[in-house]
Amino acid sequence: MKKLIFLQSLFITSLVVAAPILAQSADVSKIQNFIQSVVQILVTLSGFVATGFFVWGGFRYITSSGNPEALDGAKKTIYFSAFGLAIVFAALVLSNVVTQVATSAFGGAQ
261 MKKLIFLQSL
271 FITSLVVAAP
281 ILAQSADVSK
291 IQNFIQSVVQ
301 ILVTLSGFVA
311 TGFFVWGGFR
321 YITSSGNPEA
331 LDGAKKTIYF
341 SAFGLAIVFA
351 ALVLSNVVTQ
361 VATSAFGGAQ
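Residue numbers for the sequence shown follow the working numbering, beginning at 261 and rising by one.
For the record, the hints were derived by calculation from the structure and aren't laboratory data. There may be inaccurate statements among the hints.
[Stated by the list, open to error] Okay, derived cross-link-like pairs now, DSSO-like style, lysine-lysine, Cα gap no bigger than 27 angstroms in a straight line:
no., residue 1, residue 2
1, 290, 335
2, 262, 335
3, 336, 262
4, 263, 336
Please build the complete structure, drawing on both the sequences and the hints.
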């Protein structure tokens, strides 16, 4: 478990550190496009991860062979992957709303 957390932290850190830092003018439309691109990439990645957990939970459900503990674990895997995906889509909607409000407030590109 510690290894998994370490690898996830390393991956997220590499995403943050790998971004090039260039001194350019701050234009609202550029920032908006950047944020939308990052959110789109993260939603796509989380969709792939959720699909993987759905498949893994389904595989565990099929191969549980009537074992109640294994069956319960498979159901929890499927449930939590669906719950996580719902949270990701709620965050997507929230980020779109915040982006539109910020664009209208700060005078983004029309």
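Checked hints:
1. 290 with 335: violated (43 angstroms)
2. 262 with 335: The hint holds at about 24 angstroms.
3. 336 with 262: holds (21 angstroms)
4. 263 with 336: At roughly 22 angstroms apart (the allowed maximum being 27 angstroms), residue 336 and residue 263 satisfy the hint.
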